[in-house]
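**Q** Sequence:
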Amino acid sequence: MLDTLLFILIVLPFLAGLGCYVLRAEGVRSLIVVATGGILAAASVMLYFQTPFTYPVEASVQATLFGVSLDEIIMVADFLLLAVILYFGVRHKNAIIVALAILQGALGAYLEFGLIEHAPKAYPTFVIDTLALVMVLIISIVGSLICVFAIPYMKEHEHHLHLPASKQPRFFLVLVAFLGAMNGLVMANDLAYFYFFFEVTTLCSFLLIGHDETEIATKNAVRALWMNSLGGAALMIGIVWIYSELGTLEIAKVISQQHTSAAMLVALGLLCFAGFTKAAQMPFQSWLLGAMVAPTPVSALLHSSTMVKAGVYLVVRFAPAYADTNLGLAVALCGAFTFLGTAALAVGQSNGKKILAYSTISNLGLIVACAGIGTPTAITAAILIIIFHAVSKGLLFLCVGTIEHGIGSRDIEDMRGVYGKMPVTALITMAGVVTMILPPFGMLLGKWMAIESSAGSLFVIVMLALGSAITVLYWARWAGGLMSVEGGEKFKTESQAALTRAPLMILCFGAVVLSFLAPWIYSDMVVPLIKLSPYAVAAGGLQSGAGSFAVIPLFIVGLIGFGVAINALRKARSSHAFDAPYMAGIQSPAVAGAYTGPMNKPVVVTTGNYYLSAVFGEEKLTPYGNFAAIALLVLMFALGGLF
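So the working numbering is basically just the index in the sequence shown, starting at one, shifted up by 115.
Incorrect hints may have been included.
Straight-line alpha carbon distances no greater than 27 Å define the calculated BS3-like cross-link-like pairs of lysine-lysine that follow [stated by the list, open to error]: (1) 282 x 236; (2) 536 x 270; (3) 469 x 735; (4) 208 x 282; (5) 270 x 282; (6) 334 x 270; (7) 236 x 368; (8) 735 x 368; (9) 334 x 208; (10) 270 x 607; (11) 469 x 536; (12) 334 x 469; (13) 536 x 607; (14) 536 x 282; (15) 334 x 735; (16) 270 x 469.
Okay, the calculated beta carbon distance ranges per label pair [what the hints assert, rightly or not]: (17) 164 x 140: 32 to 42 Å; (18) 706 x 620: 34 to 44 Å; (19) 635 x 116: 19 to 29 Å; (20) 183 x 574: 46 to 56 Å.
No lab work stands behind these hints: they were computed from the structure.
Every residue gets a Cβ at the ideal spot worked out from N, C-alpha and C, and that includes glycine.
Starting from the given sequences, assemble the full structure and let the hints guide the process.
**A** Next up, the structure:
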């Protein structure tokens, strides 16, 4: 049973991706994607009833695939993967990618043939605890829904581009295989396996970002590749360093105790650095912002359930090893600064996908800060934010892509009044926004716990509090524009493909229901992890927080408020629209909705949001923010004992 589940979750997506590439009939490809998504979702749910477990069950038994040692397969695949990355570096004439690929290959060869004693493995290859289970559920359910959404989306996307030949076979090969790589990464208990899957996600993201093969897409894909290759190099150096110190690649052993030696803290700092690059933490945020040129399903997958979650998973997974150390404090400062800095950058944006991108990076920074704090409350907050952010952010990205196809723009100013044109999509988008910022939904619950857990650090708690306040600003501004419509306007439900509407409805339903189930998620999935070693050892045991949300009563209040809003909306539909706003009696008689301006000419009245670009503009904040983030990274290694 365990063998079958692991095969489905890790290997099946790669095989299904190959099927999408080889079997090029559109109907067959759609069937493969939908069937694979359903099977992955079902397997992840079945995994819930098997967790915790290890594979192989006997640590002395060598894991195999089709009778071949998995260790040998991974070793060969590692070098092939680096050769592919090296090829793309040469092809795009990027010396950084070439140098980093060669460095990783040399270190990998030294590790495999110079350090490791290839004796029968004395520890399991895969370990599935509740943290890994949470990630598998997110990847397999949210990720699968995004893949299903991509079926009609990519057809329309290519129609707009007027491509002479479809690129969908290659697109779905990479998109679906991405899910298998992520599942392998989060369940790996061997650093060599972890590194392999880590680099597979790097290559997949490069291929997906550059899918359209435009000049800007290629430029941003290459940037993503070199930045993530930098993280891969840091990860490989950290792995070699850890093996030199501990003589093992077993993740469970690395995190089974706190490490206070300078050598181990530097090695763990390198792992955290790798997580920062993958999670697009400042100053590496530009690669994820550049990924916005990719088709919307790619953005949704990278931001919600795969790529960036690999980064924060790495930082959270190894949190017990550096808990209550100066390195942990530095990690918390880096995360909190990214949370605040990118939230401020989001205020100055009107591009919907950029707002979502900055919001994603900001929330990932919050998760990193929680991992650095390392207390039970902080780790609990990190896990809850991972869960609720994945669902709500995946939903919002799909909504923006749907609206963009509907109105031809992703600018939130152009989305003003979209409820009158696409009422169902607008309401679903509103639900996504509300679940991000209001009680009793899970994101606010997680942020509350994060701020509470940071009470021991003045700088961290101030940055988290300010970042949370700024977050409400840009979400509320966007939501208000979506629902602004003219009085008396007649609304007609928009028509959508079933494979477009279904993922939106399921994710919307999931965002609400998961928040309702937050108390049970906490007690059944988070508490067991926190109580058990290593998290209990590193964080000092489970402690109760100073406060909590009464989730069920708040949901009742929320339902009453929703009913009142629907009733107000019903009345607004039957109201009459004003001819024009009152403008001190100087309305233009010639042009409706205009006033008499300079030279007695009519000036049409327009409304819009303040973006405060003089304060929150990218060109204003990014240079200073990146400089401060680099300084914090230097501080992280300094506190870890490098200097």
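**Q** With the threshold set at 27 Å, check whether the alpha-carbon distance from residue 208 to residue 282 stays at or below it.
**A** Given pair residue 208, residue 282 holds - Cα atoms ~24 Å apart, limit 27 Å.
**Q** Straight-line Cα separation of residue 334 and residue 208 no greater than 27 Å?
**A** With Cα atoms ~12 Å apart, residue 334 and residue 208 stay inside 27 Å; holds.
**Q** Need the status of pair residue 270, residue 469: alpha-carbon distance at most 27 Å?
**A** Roughly 24 Å separates the two Cα atoms, so the pair holds.
**Q** Given the hinted pair residue 536 and residue 282, is their Cα-Cα distance within 27 Å?
**A** Violated. Residue 536 to residue 282 sits at ~31 Å, over the 27 Å cutoff.
**Q** Please verify whether residue 282 and residue 236 have alpha carbons no more than 27 Å apart.
**A** Distance of about 42 Å is beyond 27 Å: violated.
**Q** Has the given pair, residue 469 with residue 735, been kept, meaning a C-alpha gap of at most 27 Å?
**A** holds (16 Å)
**Q** For the pair supplied as a hint, residue 735 and residue 368, confirm whether the alpha-carbon distance does not exceed 27 Å.
**A** Judged against 27 Å, a Cα distance of about 45 Å means the pair is violated.
**Q** Residue 236 and residue 368: Cα distance at most 27 Å?
**A** holds (14 Å)
**Q** Does residue 270 pair with residue 607 here, judged by a C-alpha cut-off of 27 Å?
**A** It holds: about 25 Å lies between the C-alpha atoms, which stays within 27 Å.
**Q** Given a hint of 32 to 42 Å, does the C-beta separation of residue 164 and residue 140 actually sit inside it?
**A** Once the Cβ atoms are compared, 37 Å apart, the range 32 to 42 Å for residue 140 and residue 164 holds.
**Q** Starting from residue 334, check that the Cα of residue 735 is at most 27 Å away, please.
**A** The hint holds at about 23 Å.
**Q** Would you check the hint for residue 536 and residue 270, treating anything up to 27 Å between C-alpha atoms as holding?
**A** Within the cut-off at roughly 22 Å; holds.
Checked against the numbered hints listed earlier, the structure breaks hints 1, 8, 14; every other hint is satisfied.
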